[in-house]
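So the mapping is simple: this note's numbering equals the position in the sequence shown, first residue as 1, plus 861.
Hints in this document: simulated from the structure, not taken from any laboratory.
You may find that some hints are simply not true.
Subject to a maximum C-alpha distance of 30 angstroms in a straight line, what follows is the list of computed DSS-like cross-link-like pairs (lysine-lysine) [what the hints assert, rightly or not]:
1) LYS1004 - LYS1084
2) LYS993 - LYS1004
3) LYS985 - LYS949
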Amino acid sequence: MEKMFEKSDVLNSPIEAMVFDSSAETFPIRRHWHYFMEIIYMTKGSISFLCGENSARLSEGELAIFHPKAIHSIESADGSTPVYALLKFDINRLRLSSDYSPRLGEVFRRAEGNAKAPTILTQKQCESIGAKDIIFQCIEEIKSSEYGYGSVLDANVYILLTRIVRLWMELGYCVEHSDKHAASDSIYTITQYIDAHSGENINVCDLARQCGMSYSHFARSFKAIYRQSCKQFINYLRVNKACEYLMFTDHGLNYISQETGFSDCSHFIRVFKEIKGTTPKKYRDAHRK
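Based on the sequences and whatever the hints tell you, model everything.
In structure tokens, the structure reads:
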């Protein structure tokens, strides 16, 4: 079973911008996650996507934001071949110009799950912040790769994100100062390790040591960053990988529970039902075509 983590060469390509034509690429997009931010702007057709446990539809002229670490999948909403502009970047490497302002990564992390910071922007909202022009300028800069294109890319992403935050602020979102005692950078990439080893016996104390933290500091920092405990995150990854087995293989529950890191089949069924609200068998029956 392929891992859901999607790698990105942020050292050589800190910002990626392209047009995704579903008729020429692998589509639909199966469940995956990554530690970079992803922004989609629809140019043709419509898509439906699942992000975490929430589903939504995106139509021409609208924009969707996928926060880092969010498990998501994308498919056509009406059977057509959608086309969208795609922007990917590591938000943790971006900073606002003023020292007193919180990092953009912190601003967007605080926005996750906040109703006043919507991850879907309407056509009117996109027009008000010039989203289409900015994203396509990024695409053209990468295509041409002329002198200073990296600086232009950085500037365009800064502008787009700043305008999104300002739009959120108009809706009532409050930009707070970031925590002066933020967790070390390693905690922002530990989820990549968890994904790669989710089928094994993962000890949270060992993860804390990898990040150079005490157990209590790691647990507190992890929950502040990812909005769930480390144990909950591990179970969430395991259950989502189990969903792939249930939908695309004929393996039994004992095999799936072992491959996805659960202690036994009964534990797997219990956790699966807690997260998905149904049993693995019922989930398989409902999602088999």
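Legend entry - Restraint check for LYS1004 with LYS1084, where alpha carbons must lie at most 30 angstroms apart: 40 angstroms, violated
Inset, instruction - Verify the proposed pairing of LYS985 with LYS949, using a straight-line Cα cut of 30 angstroms. - result: 23 angstroms, holds
Legend entry - Pairwise hint evaluation, LYS1004 against LYS993, where the allowed Cα distance is 30 angstroms at most: 17 angstroms, holds
The structure fails to meet hint 1 from the earlier list, while all remaining hints are met.
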